[in-house]
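Asks: Chains as they are written, first to last, in my numbering: chain A, 1 to 113; chain B, 1 to 214.
Don't read these hints as lab results, they were simulated from the structure. Computed from a prediction, not measured in an experiment: that's the story for all the values here. Don't take every hint at face value.
As the list claims (entries may be wrong) - Restricting the straight-line Cα-Cα distance to at most 25 angstroms, the calculated cross-link-like pairs of lysine to any residue (SDA-like) are:
| hint | chain 1 | residue 1 | chain 2 | residue 2 |
| --- | --- | --- | --- | --- |
| 1 | A | K88 | B | F13 |
| 2 | A | K42 | B | V81 |
| 3 | A | K42 | B | I30 |
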Amino acid sequence: MDIILALITALLIITGAVFTFAAAVGLNRLPDLYARMHAASKAGTVGSALMLIAVGIHAADLAILARSFAGFLFFVLTAPVSAHLLAKAAHESGYPLSDISVQDEMRRRQEQV
Amino acid sequence: MTAQAITQSAVHFGLVVLSVAFLLTVWRVIRGPTLPDRVIALDMLVGIVMGFIALIAIRTGYTLYIDIAISLGLVGFLATVALARFILSRKRREGEDGSPPEPLPERPDATVEQPATPESIPVASEAPEPVPAGTATPVAAPAATARPSPSKSEVTKASAAKVKIAKAKARGKAAGADQTASASAAAAAPAKPKPPRKPAAKPAAKPAAKKETP
Numbered sequence: 001m002d003i004i005l006a007l008i009t010a011l012l013i014i015t016g017a018v019f020t021f022a023a024a025v026g027l028n029r030l031p032d033l034y035a036r037m038h039a040a041s042k043a044g045t046v047g048s049a050l051m052l053i054a055v056g057i058h059a060a061d062l063a064i065l066a067r068s069f070a071g072f073l074f075f076v077l078t079a080p081v082s083a084h085l086l087a088k089a090a091h092e093s094g095y096p097l098s099d100i101s102v103q104d105e106m107r108r109r110q111e112q113v
Numbered sequence: 001m002t003a004q005a006i007t008q009s010a011v012h013f014g015l016v017v018l019s020v021a022f023l024l025t026v027w028r029v030i031r032g033p034t035l036p037d038r039v040i041a042l043d044m045l046v047g048i049v050m051g052f053i054a055l056i057a058i059r060t061g062y063t064l065y066i067d068i069a070i071s072l073g074l075v076g077f078l079a080t081v082a083l084a085r086f087i088l089s090r091k092r093r094e095g096e097d098g099s100p101p102e103p104l105p106e107r108p109d110a111t112v113e114q115p116a117t118p119e120s121i122p123v124a125s126e127a128p129e130p131v132p133a134g135t136a137t138p139v140a141a142p143a144a145t146a147r148p149s150p151s152k153s154e155v156t157k158a159s160a161a162k163v164k165i166a167k168a169k170a171r172g173k174a175a176g177a178d179q180t181a182s183a184s185a186a187a188a189a190p191a192k193p194k195p196p197r198k199p200a201a202k203p204a205a206k207p208a209a210k211k212e213t214p
């Protein structure tokens with residue numbers, strides 16, 4: 001039983017670390033702000049959320065598991081909100097998309113208004 | 001291999017990978033050509049540090065660290081939202097990321113013209129000063145007020161429509177300015193010399209109303 005819990009914990013930790021690393025690589029490699037945001041706010045969030053769950057499972061205590069799930073839910077709920085706000089603010093204040101972007105629907109909407 | 005060893009080796013692996021990710025993200029914070037890049041990298045740093053805290057919690061067995069991670073996530077969220085509002089209010093600086101400036105997809109009535117108003121107010125208050133006789137005001141006032149608006153829209157972001165709007169604004173302002181100018185010039189003749197630093201709109205409008213009643 002201990003072994004199984006440890007294996008699950010190890011799997012969650014390793015998966016989370018790899019996700020976070022992928023997010024960091026994406027943050028450095030992607031061409032513009034909006035693509036970087038796409039890497040950071042999705043892969044980065046999943047990475048740390050998986051590690052939080054790993055703590056809860058490793059402790060094998062319902063109270064701690066509930067707390068770690070609360071942290072997981074909070075983080076997963078707030079990360080898209082902040083990323084969306086930041087992207088909207090950046091787009092509205094005129095930070096351009098990279099040259100290889102194929103479509104900017106926000107610009108068309110702003111021109112219509 | 002015991003359960004303890006499995007967990008500890010996974011934690012070590014995670015710590016190493018997270019350190020590399022942390023350094024990569026710090027590199028983006030340092031380099032990131034624009035302000036939103038840095039903000040998004042800082043947001044990501046908060047997530048990585050939450051992962052660090054979780055790994056330390058597993059390693060040491062102090063599950064109280066989870067609460068620290070939750071509160072850190074709260075602070076990071078609030079900081080990102082506040083910085084997003086700041087970016088929204090700041091507007092983009094030209095050449096901030098080293099790229100050539102280009103026309104922006106802004107609405108023509110956006111805040112670009114807003115700075116023109118506080119600049120044209122002192123101009124309107126200056127207008128009556130060189131004209132004690134009150135004859136040359138209709139010529140002088142439009143010239144004086146129309147000058148700052150193209151220089152204010154400056155840079156390349158002024159599209160033709162925007163310039164037209166700015167000119168229309170300046171013309172309307174000039175009309176108002178020369179009306180207030182003649183009024184205040186007439187008011188300044190009998191009364192004490194008008195204080196030049198006062199905001200033009202209110203004090204100029206008041207003497208005008210006073211002058212018309214008699």
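Asks: Run every hint past the structure and note whether it holds.
Replies: Each hint tested on the structure:
Taken as a hint, the K88(A) and F13(B) pair is broken in the structure, with Cα atoms around 37 angstroms apart against an allowance of 25 angstroms. Pair hint K42(A) plus V81(B) holds up; C-alpha atoms about 17 angstroms apart against a cutoff of 25 angstroms. Under the criterion of a C-alpha separation no larger than 25 angstroms, the hint pairing K42(A) with I30(B) is consistent with the structure, at around 22 angstroms.
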